[in-house]
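Chains as they are written, first to last, in my numbering: chain V, 565 to 1043; chain Z, 1180 to 1742; chain Y, 99 to 370.
Just so you know, the hints here were simulated from the structure itself, not pulled from any lab data.
For each residue, glycine too, the CB sits at the ideal point set by N, CA and C.
Please note that a few of the clues may not be correct.
With a Cα cut of at most 16 Å, we get these calculated EDC-like pairs of lysine to aspartate or glutamate [unchecked claim]:
| # | chain 1 | residue 1 | chain 2 | residue 2 |
| --- | --- | --- | --- | --- |
| 1 | Y | K367 | V | E669 |
| 2 | Z | K1263 | V | E665 |
| 3 | Z | K1210 | Z | D1680 |
| 4 | Z | K1263 | V | E669 |
| 5 | V | K870 | Y | D230 |
Which residues of chain Z face chain V? A few of them, derived with a C-beta cut under 7 Å, are [said to hold, decoys possible]:
| # | residue |
| --- | --- |
| 6 | P1253 |
| 7 | L1301 |
| 8 | D1515 |
| 9 | S1589 |
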Amino acid sequence: MAVITGVTCPVCGTFCDDIELIIENNVIVEARNACAMGAAKFLNYSAHRTKKPLIRKNGELVEVSMDEAVEKAAKILVDANYPLMYGWSNTSCEAIRTGLELGEEVGAVMDNTSTVCHGPSILSVQDVGIPSATLGQLRHRADLIIYWASNPWSAHPRHAERYTMFSDGRFEGSTWKSYLSRLRGVMSRKKIQRASNLVLKQDFCFTPQVEEGLPSSVHQKRRRTIVIDVRKTRTADAADCFFQVEPGTDYELLQALRVLVNDGELDVDEVAGIPIETLEQLADLLVNCKLGIIFFGLGLTMSKGKHRNIDAAINLTRDLNKRTKFLIMPMRGHYNVTGVNIVFTWQTGYPFAVDLSNGYPRYNPGETSAVDILSRDEADATMVIASDPVAHFPRAASKNIAKHPLIAIDPEVTPTTMLADVIIPPAFVGIEAEGTAYRMDHVPLPLKKVVEPPETCLSDQEILQRILQKVRELRRDMN
Amino acid sequence: MTELIIKNGFVYDPLNRIDGEKMDISIRDGKIVESVKEKANGINASGMVVMPGGVDIHTHIAGGEVNSGRLLRPEDHVKDVEVKTALTRSGVGYSIPSTFTTGYRYSKMGYTTLMNPSMAPLEARHTHEELADIPMVDKAAYPLLGDWWFSLEHIRDGLIEENAAHIAWMLQATRGYAIKIVNPGGLEAWGFGRNVHSLDDVVPHFNITPREIIRGLCKVNRLLNLPHTIHVHTNNLGKPGNYVTAIETMKCVEDLAQGDKPVIHITHIQFCAFKGSDWSTLSSGAGEISKYVNNHNHVTLDMGQVIFSNTTTMTADGPFQYGLYNITGNKWVNHDVETETSGGIVPFKYKRSSAVHATQWSIGLEIALLIEDPWKILMTTDHPNGGPFTSYPKILAWLMSRAAREITLSKINKRARKKSLLPSIDRELSLYELAIVTRAGQAKALGLKPKGHLGVGADADVAIYNIDPQRLDISKEYKVARKAFKKAAFTIKDGEVVVKDGEIVKPVTGKTYWIDVSTSMPHEINDDIKKKFREYWTVEYENYPLPDSFIHSSFPIPVKAEV
Amino acid sequence: MIILDPKRAFRFPIEAKNISPDIFAKKSSKEIAALQMWEGNRKGALGDLFNIKNDSGSPSEEFTIKIEGDASKLRNIGARMSMGHIVVDGDAGMHLGEDMSGGTITVAGNAGSWAGSKMKGGTIEIKGNAGDYIGAPYRGSTKGMNGGKIIIHGNAGYEVGCFMRNGLIQILGDVGLFAGIHMSNGTIFVQGNSEGRAGAQMINGKIVICGHTPVMPTFTIDSIKPKVKVDGEKIEGPFYRFIGDLADNGNGKLFVSKTKNPHLSPYEKYLE
Ligand code: SF4
Ligand SMILES: [Zn+2]
């Protein structure tokens, strides 16, 4: 039995690096400190995996040697007029670096999953910038935490514990205790309210809780958490207050708040279903904190208005910096989706949707982004790495992926691999292969190799390196 | 054994006091040697200038802040692209080129060694990943340590030796080269949106002043025997009247100097040489600064010259960048790093028509020309803060030619022109002096022994430019010289010709230098840092230091500390 | 007149910035055929893709390029052009007339997104619908359309006139979200309805919407106007005149038809 400490969790953007793994006979038997999501990955990752390369022959997937699979993949890429290489957010930066070299060699469009998650956030960052920080800065200093259209309770389970409301910093402490007592209060109130058949819609206000006899700590200056969302989430239950926004009106709400924090006035009585008086109180809270932070999620980037919601949110943050210190950060999903933007950017200048078909990087999401290219059926071959676009893209786009040669580098069986013509299963990076990945706040951390991969599995990086080599050989033969 | 001989060039090798002598340079296995065999490959450099490869003491080329700048500016890249060739990778410019492009472009100008001056220790892994993707040059990075909580607490408590040992740990953990200090105390204050405004302002919550931080780290630097001095970006950067702060900063370590050895490097001095009480009364503090520097030997400077261009400013000075955002209303990135530092990015356009920008342009050149000893003032733009490094040949032209200065002077803002000291300065730098400010002086200030010269044993990093000093009067024909400096006739890296006629002919990777300090108590320090780790940072102790396997062509320089 | 007749249907994006009167002028048919065109990741020549006919009309006529058939995969047609005409018979691809400073482009069918992006002068007329980002700047830039005229007979998508600085965009059909976002000057005229958020984050300039539209809460009512002037022409109202976007300290003028927008009548109480 071996205990390995300080393991990073290759699951979500929280990218916890304090996991302790117990290993017996090359098998992980226990994952300490990990949340349920993380533990599930460490304990079950290899339950349903492909171990050997497969090629579709006469409609059937058949096992082949690594060399044959690599050659076939290389051939597909070399023959393609407009290949797309997509995925990348669940692999190491080392693999991404090699992938970009391969993409350049074959004149591909390189896109990553941020195209369907925080791509809009990036577009607005390119318009207005972003005042942000590493997560520890917030753990130490933030006294006002806002989760806007993000629900860490289910998507980033240890975010609050490690970095925000339940973490202890130098200048701000955990609010765990006050949360527990408030929870008790809420429970009893819920009971009463259920009994009286009322629908609970918690208003912005600490006072009702005080009346129910909460400890005086609530009155003290301490960290407070606010949740703003279209529905009441588990995170909202844990927060000091919750604002419910009418779906599709975040943009109006953000712009209205900008007017209010600048002491302006509005002609309307409510915005996004929230009365102006309430919003004025919220604006006061924002202006009067010592350090505030907005964590926003896909509820903001993918709802009506998309990147302009983020434009407004960042501009609100900019406005607030005239009055106090205020920061903002996207809640990135996949553990290395931040890393893929970073590597793409340092090699090509652009974070996603990079078209290398003309021999140099070009970037214009909407034009050079995977979903759009596939929807217009322009790609004549696709390589997918560590991702499942067939399941997640709009129907028209996934249908077009399947029409043309498809290469999948993925250990898991997914709708994408099921349609693939070449499947090369790699070692699981972060478990069976090492590398580097970036936490959502741009902090780089090592991915570790804790067990040996099956003999037939190479790392993503090695596979890509082999394909690159083969591509160069094929090219040489052609000339 | 590969040999190469550079024949009949006019050699400018100031560290060996060679001033344009016609001689051969022999190279074997990447080093300069006494002589090589007859049949060694030869480069005919007759009618050309031969210099050591260029060294840049301060250029933001890699890491979190640079890359956020890249991400921020697609509109900057789209106008300046590099197409893939059989030898080189593709990329983009302009003010923040992608990694490969950065390496190629420096190499094409004859540069071979670059110092990345701003590395948040927590994100060192990022910096080194990018450095690995910068081809053609040797490189190193300076960790930001002036607002590190350990530094603040140790120095406040008078624990200089402990701090020295901790910083030794940090240099090893981050694979760093020198102690970088940015707006000391100001970055910690910026954590809550505040700043410090003088050397004696108290840093909130830490009961320490910028003066104490600078002095403390200067002592640490000495205890550790680091090859470079502390590398300081002053308080009040970019504010009218700040030349006083710059002089006070230099003064505050005067007594720590031993002999003529510098103990402090003030970087991008142009940005801290402003006189006047506000922007409308802004004038040059170059006179005062150069007077001080001419009378003191404990300081080196680099220019931070401004180029009229659309560039991207980026520093660890969070409050300064915030100020710039407030002035311009431009897009703004802020990135505070827990327990260590901050950072900011704002695109910025230096316009000839602006009195302020034109004055800044003038200040940089005034300082470079008024400081008599070229070993004390090195040529930089603080890339990309004053302008992109690709404009270095322009600066060389201004330094070598009064006529070149006058042409630009005639095109700038009238008010700035009237106030400029440049018309009163006749000095024109010789090729020998240019070699000092672009390589020899830079390497010397860095304490980087194998660089910046062509003596036996030096690294065979050589730049050959198409300038015939016997025929070309660079003062008059500065345009020809400028062109020659833009495209080196040859760049030789570790003994191999990598650039010919300004084009890459052989892509190579460079070394990464870092300082490996041995102290007497490494284990105690480990334990102390470990103890505080979870309290201070959000990552685990064991994931913080970079393993050597991570560093691309790792090249440690061993140093023995006095603690 | 040069007529370009596609040799086949295209399926990969084609970089067609070389199709421009400025580039064609003074070139022989042979030279035109040799002009570089990228199709997907293959470098080729214009002559590989098109039959080129030189139909020299009257010498007095301005230089004209006509593309017959479907040009929807052709990107950057007429980019940077400063004179002459381009006529597209069918649909045109993205970035039509990007950065153009003069001349005219007429499209019989639809045009893709970014038509008239960064445009400084000249006219683009699209008989069908247009995509998103008409007259917008490149990503990360605030330099949107700065002159000239874009007329769209059908509907237009999102972010029409994004960061617009000058010029006129006329949409005779409906417009998507965020028309005139971040605009600082110029005029956008919409004959039909707007999906909403017109003038979001605008600093200045004029937007006229004759159909139905929601109005952002960060606009304040200023007056009711009987008519409004667009490009020298008087459009009959009445119109509510709003000022915004207040969140951006904007002084943009948003004119919205009174009759088509009864839901805005509560604003009238502020005018009494
Ligand atoms: S929060 Fe995310 S990174 Fe942390 S253990 Fe859970 S799944 Fe893994
Ligand atoms: Zn700098």
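Checklist entry - So which of the earlier hints does this model not fit? => result Of the numbered hints, 1, 3 and 9 do not hold.
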